[in-house]
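J.: One line per chain: the protein sequences are A and B, in this order.
FYI, in my numbering the residues of the first sequence are 1 to 141.
FYI, in my numbering the residues of the second sequence are 1 to 141.
Quick list of simulated restraints, FRET-style, between CB atoms:
{"no.": "1", "chain 1": "B", "residue 1": "A121", "chain 2": "A", "residue 2": "E104", "range": "39 to 45 Å"}
{"no.": "2", "chain 1": "A", "residue 1": "T103", "chain 2": "B", "residue 2": "E104", "range": "44 to 50 Å"}
{"no.": "3", "chain 1": "B", "residue 1": "R37", "chain 2": "A", "residue 2": "S72", "range": "28 to 34 Å"}
{"no.": "4", "chain 1": "A", "residue 1": "G24", "chain 2": "B", "residue 2": "A89", "range": "16 to 22 Å"}
Sample of chain B residues facing chain A (criterion: CB under 8 Å; computed from the structure):
{"no.": "5", "residue": "M1"}
{"no.": "6", "residue": "K4"}
{"no.": "7", "residue": "I6"}
{"no.": "8", "residue": "V9"}
{"no.": "9", "residue": "L19"}
{"no.": "10", "residue": "L27"}
{"no.": "11", "residue": "G28"}
{"no.": "12", "residue": "L29"}
{"no.": "13", "residue": "A50"}
{"no.": "14", "residue": "E75"}
{"no.": "15", "residue": "G76"}
{"no.": "16", "residue": "L77"}
{"no.": "17", "residue": "V80"}
{"no.": "18", "residue": "K97"}
Partner residues aside, some chain B positions facing chain A, computed with beta carbon under 10 Å:
{"no.": "19", "residue": "A17"}
{"no.": "20", "residue": "H21"}
{"no.": "21", "residue": "A25"}
{"no.": "22", "residue": "V49"}
{"no.": "23", "residue": "L99"}
If you're looking for bench data, these hints aren't it; they were derived computationally from the structure.
Built from N, CA and C at the ideal position, the CB exists for glycine as well.
Protein chains: 2
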Amino acid sequence: MKIKRIHHVAMAVNDMAPLEHFFGAMLGLEPPHRETRPASNLEIAIVPVADSAIELLKPNGPGSSVPDFIASRGEGLFHVCFEVEDIDAAMAELRGKGLRFRTESALPGHAGTRIAFLDPATTGGVLFELLESPAGETLAH
Amino acid sequence: MKIKRIHHVAMAVNDMAPLEHFFGAMLGLEPPHRETRPASNLEIAIVPVADSAIELLKPNGPGSSVPDFIASRGEGLFHVCFEVEDIDAAMAELRGKGLRFRTESALPGHAGTRIAFLDPATTGGVLFELLESPAGETLAH
Chain A
1 MKIKRIHHVA
11 MAVNDMAPLE
21 HFFGAMLGLE
31 PPHRETRPAS
41 NLEIAIVPVA
51 DSAIELLKPN
61 GPGSSVPDFI
71 ASRGEGLFHV
81 CFEVEDIDAA
91 MAELRGKGLR
101 FRTESALPGH
111 AGTRIAFLDP
121 ATTGGVLFEL
131 LESPAGETLA
141 H
Chain B
1 MKIKRIHHVA
11 MAVNDMAPLE
21 HFFGAMLGLE
31 PPHRETRPAS
41 NLEIAIVPVA
51 DSAIELLKPN
61 GPGSSVPDFI
71 ASRGEGLFHV
81 CFEVEDIDAA
91 MAELRGKGLR
101 FRTESALPGH
111 AGTRIAFLDP
121 ATTGGVLFEL
131 LESPAGETLA
141 H
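Here chain A stands alone, though its shape is the one from the complex (with noise of 0.2 Å):
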């Protein structure tokens, strides 16, 4: 397998304002990407920067483990997410190596993404995403 970039480093926060007052009118970066993804009651906004991003959920509820993670440990970094060429490829190697993931098979992400989150247990305590970027697109956020 090959890591071909770090696709975003995520922040999980209760109110996106600040970081986005932060990243928008102080550090001038472009405007975010938003959407919402109601399966697990998350409002996401995604900041490009240079070929990679800056990602913010914001819970609105259960279904995902970011409002433990905020209860745990507070708002601010959640994980980091490295593109892969194949995740498929990805997931079978670091099963053979011991590593386990959350789900059985990639998800579908933003903009026809694929992507896996790797149990921290097994990272060191830190949450990583893998992603595989649609076909043909290398700089998808």
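Start from chain A and add chain B according to the hints.
T.: Just chain B now, with coordinates in the frame of chain A:
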């Protein structure tokens, strides 16, 4: 000011071994560059990831904000570093907009870089670093 890229993402740890094992033996990333910063009592391992990097910070005692961070929030994601063109101009501009930095001016960082940390109380609670690469070098880790 213009943010050029996410230069690195830093993680605070008491033991580098689990994350080093994950990045190297599991993900197949390059071996880290290592350094020690006696003034801040830190051991540092920098793992290149495409044109960005992961930075592991292990405190050996007081001298930085890392031990307090680990004591209050536990090991894990610590800060995001953005590369800027001109750190003196960026600091002046952001101060003019009401943000605060932890130091009066930029400090020398790794490999000829110049760095400054923003006060997280003014940036939505998340710790951010700004970094200027040495002249003519655009991909210094």
